Amino acid sequence: MSTNPGVWVAAILTVFVYSYLYKENLFYQLTEHLYVGVAAGYTVVIAYTNLQSSVWQPLTAKGDYLVLVPSLLGLMLFAPFISSSLRWVKRLPIAVIIGIGTALTLRATVIAQFTAQLKATIIPLTSIDSVIIVLGTLATLSYFFFTFRQNAALRVSSEIGKWVIMVTFGAAFGNGIMGRISLLIARIQLVFQEWIPLIK
Amino acid sequence: MKRELPVFLTAITGLILLADYYFNIPALKPYASAMQNWGVIIAAFTLALAAANLIKIHTLRVSRGGRIGTVLPSLVLLTGLFVTIFSGIFLGRSSPSFSFIFNNMYTPLAAAFYAMTAFHLASASYRAFRARSAQAAVLLITGVLLMLGRAPIGETIWSRFPKIADWIMGVGNLAGSRGIMISIAVGVIGVSMRVLTGIDRAHLGAE
Amino acid sequence: MSIVERLGRIDNRIIYTVLIIVLIWPLANPLGLPVSVGANTRRTYEAIDALESGNVVLFWAGYSASGAGDVQPQAVAIARHLFQQGVKIIFLSDVVEGPMLVENVITNIPEITSQTYGVDWVNLGYLAGGENGISAAAKGLKEAYPLDFRGNPTESLALLANIETAGDVDMTVFFTTQNSDMYVRQVYPYGKPLIGGLINTIVPQAEPYVNSGQLTGILAGLRGGAEYELLMKQPSLGLAAMDAQSIGHLLFILLIGMANLAYFAQRNRLARKVGE
Chain B
6 MSTNPGVWVA AILTVFVYSY LYKENLFYQL TEHLYVGVAA GYTVVIAYTN
56 LQSSVWQPLT AKGDYLVLVP SLLGLMLFAP FISSSLRWVK RLPIAVIIGI
106 GTALTLRATV IAQFTAQLKA TIIPLTSIDS VIIVLGTLAT LSYFFFTFRQ
156 NAALRVSSEI GKWVIMVTFG AAFGNGIMGR ISLLIARIQL VFQEWIPLIK
Chain W
336 MKRELPVFLT AITGLILLAD YYFNIPALKP YASAMQNWGV IIAAFTLALA
386 AANLIKIHTL RVSRGGRIGT VLPSLVLLTG LFVTIFSGIF LGRSSPSFSF
436 IFNNMYTPLA AAFYAMTAFH LASASYRAFR ARSAQAAVLL ITGVLLMLGR
486 APIGETIWSR FPKIADWIMG VGNLAGSRGI MISIAVGVIG VSMRVLTGID
536 RAHLGAE
Chain F
580 MSIVERLGRI DNRIIYTVLI IVLIWPLANP LGLPVSVGAN TRRTYEAIDA
630 LESGNVVLFW AGYSASGAGD VQPQAVAIAR HLFQQGVKII FLSDVVEGPM
680 LVENVITNIP EITSQTYGVD WVNLGYLAGG ENGISAAAKG LKEAYPLDFR
730 GNPTESLALL ANIETAGDVD MTVFFTTQNS DMYVRQVYPY GKPLIGGLIN
780 TIVPQAEPYV NSGQLTGILA GLRGGAEYEL LMKQPSLGLA AMDAQSIGHL
830 LFILLIGMAN LAYFAQRNRL ARKVGE
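Sequences listed follow chains B, W and F, in order. In terms of the working numbering, the numbers along the first sequence are unbroken and rise by one, the last being 205. In terms of the working numbering, the numbers along the second sequence are unbroken and rise by one, the last being 542. In terms of the working numbering, the numbers along the third sequence are unbroken and rise by one, the last being 855.
Calculated directly from the structure, the hints in this document are not laboratory data. Treat the numbers as computed from the prediction; the structure is a model and nothing was measured. Certain hints may be false.
Taking lysine-lysine and the DSSO-like style, the derived pairs with C-alpha atoms no more than 30 Å apart in a straight line are [what the hints assert, rightly or not]:
#1 W:K498 to B:K95
#2 W:K337 to B:K95
#3 F:K771 to F:K721
#4 B:K95 to F:K718
#5 F:K718 to F:K771
#6 B:K95 to B:K124
#7 F:K812 to W:K498
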């Protein structure tokens, strides 16, 4: 068996987590709460690191007092902890983040996910595969026309689109299973290779 | 004011970033950059929000007392939280204790919880994934062919399985994914305009 | 109820036990099944192989600890390849675990002993804000990161002397367990090759980007990492797990097959009953 205390801790905690598969128990509950606590603590440490870099460094090294504005906005997130009547104050920093995130996503989506993809669909129909790609894409798009009554041609196209979407979901399903198996293999390697050397 | 000011802030920050991108106004560039860096700083504060909420809830639970099964998990959570914060901030991120917590508690537990979905997927595949219709059958067959094509054993059974898997991903899935991606892009553009113009205010929470 | 119908009523705990045994067995007794290399992995390998000594790469460790089992072998393999090519690496992250995963795993590779921190590689750490963080970093690296993860002012790091934006590096590689959309939206516009190391679940959604050329190449999950190790002739965690992956796939196919057999048997029995 391993002589590394870290491996023992990791493996035993892993076994406690999987004890849930038999029946929910106190060991699983304690491990679950430990994970939540450690994860939250780790996130605080990283937040501290970020603020050292983004706020403290510019403030002290460059005298950039403007960083105090977003810092104040960030502190407003904790206003509800002071008083429930200050709950509305939390909306201000959230509004700023939403505004930034929405604008960034909007301006980039138009090109990356709309025009670039439309451009990539306009290909010469020189092979069966290219015909399937073009017609399949158009059929899938036609499936999502929900706001008006579809004529006969659109109904046929929409039906073909459904079949294409099923292939896409099948691919997602297959990949999902593959991904989960990989993750479980890694846990098995921890318990049965690093801890109890059943696997060489 | 309590709802109008946040809507105004959303609109103005969004407008600055959109104008900077589409109109290339030199005078606007420093404001757009500053806005993005402000977003990073505010986001850093949100990281601590979860911890603050957890401390509030679980400290209350411990102080109220009660059954050991209720109090002990909260004590464990708070201990884990404070020990991690102490070792990371006061002892340093490269300290042996912080590295130990990250390598032997945080990472394995995160991986264990996510990997548990493999078991749930196994039981779901067994109990729920029935080919009740032709389209469901297409979904299942596609998934099965992909799994056979991507596993080395599939290649050993029949050398054409990988080519079938490549075709499914590169043609069938491509057509559907691209159609879905373009549809989502149209939706994103619509919802983004609604949020930036204040029509959609769900992000501000209830009155 | 027939035997076939009973196939659809096995207890979950038996299934879980069989799954564990079925994954342990090929790990303990390797089958040595041959692994071929797919087009996506080959394209990725060739793109990185074409880099020259002295080139600089942005390495986005954007995968979480929970998904590390699928993505980390890819990240380690590509980091090793880059260092072996003499390429300088700027590590950064948009997930909280990223910087520690870089410090504790990726930079524990053998090649790191001959590299100098600050000159050959740096770890800038985590930038909060998700897509905004990625955008801010791509737009102005030193502005977004005044300090690196080790507390050094980024202005003082030799590697970053001539690097302002994502357009000043020679390539960006990202590893993610979330989605590839953010990187394509915010980094691809800078015009340099973009390569993605993805967890299996998000690979189908990335195919349109590969087809349109927005992604130069992708690595798909653990299999992608294994194929990359094969091309590098440096077998490691990825290749070691391939036999278990194969048997795991077969088990899932068997479960689906058994369940559907039982379902059709039951449906036929009920249809016959109604007919009577």
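Each hint, compared with the structure:
1. Restraint check for K498 of chain W and K95 of chain B: the C-alpha separation of about 54 Å exceeds 30 Å, so the hint is violated.
2. A distance of roughly 10 Å separates the Cα atoms of K337 of chain W and K95 of chain B; the hinted pair therefore holds under the 30 Å criterion.
3. Taken as a hint, the K771 of chain F and K721 of chain F pair is honoured in the structure, with Cα atoms around 19 Å apart against an allowance of 30 Å.
4. With a CA separation close to 28 Å, the supplied pair K95 of chain B and K718 of chain F stays within the 30 Å bound.
5. Restraint check for K718 of chain F and K771 of chain F: the C-alpha separation of about 13 Å stays at or below 30 Å, so the hint holds.
6. About 42 Å separates the Cα atoms of K95 of chain B and K124 of chain B, which puts this hinted pair outside 30 Å; it is violated.
7. Under the criterion of a C-alpha separation no larger than 30 Å, the hint pairing K812 of chain F with K498 of chain W is consistent with the structure, at around 24 Å.
The structure fails to meet hints 1 and 6 from the earlier list, while all remaining hints are met.
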